[in-house]
Amino acid sequence: MPATNTYSEEELVLLLQQRSEAAFNYLYQNYAAVLYGIVRKTIFDEQTAQDVLQEAFVKIWNNIDKYDPQKGRIYTWMINITRNAAIDKLRSKGEVMKSKIRTGEEIVNNIGQSLKTEQVTDTIGLRQVVGGLEPGYKAIVELAYFKGFTLDEISKTLDIPLGTVKTRMRHAIKLLREHFKQ
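Sequential numbering of the sequence shown, starting at 3, is according to the working numbering.
For the record, the hints were derived by calculation from the structure and aren't laboratory data. Watch out, some of these pointers could steer you wrong.
[As the list claims (entries may be wrong)] Calculated cross-link-like contacts (lysine-lysine; reagent style BS3-like; alpha-carbon spacing at most 27 Å):
1. 91 / 73
2. 73 / 140
3. 43 / 149
4. 91 / 140
5. 158 / 183
Since the model is a prediction, treat every value here as computed from it, not as a measurement.
Please construct the entire structure, taking both the sequences and the accompanying hints into account.
Below you can see the structure in the form of structure tokens.
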């Protein structure tokens, strides 16, 4: 059922602090999709991602009194709670094992689809593929994924604008995806 009410951010927070179910329904209907997208960037299993989203909304509901509008918008606060819930789930032992199993299944599937060894996505193969990228893309991917640099650190290290780093990173990821789809 679509939300019929609209609230300003201040009204929404006040109603949530007063434990208004209508306000919570509005919050869920208007923010669940974007928060789910954030979870799915970290958690690949759909059922687990839905569980994490539910946990995030429970945390939002239970901790709404701790929200401080002076520190940022409620949307940003909810994103942080959601992202942290996803990271916590990923760090749990069971999820790490699921990720390893999933990676193993993908490798087997890739081998089964073709006998081309370059389709196996182990670290050595990935390094070889990244090595074949244009120098501007290669440097960014190597710093981000093999050395753990943030985008800001990459920008400073390579002395290029942050926007350029983001654009090149997106393009490099697109090129890598295309390579592994072949």
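Inset, instruction - Sort out which numbered hints this structure fails and list those numbers smallest first. - result: Violated: hints 2, 4 and 5.
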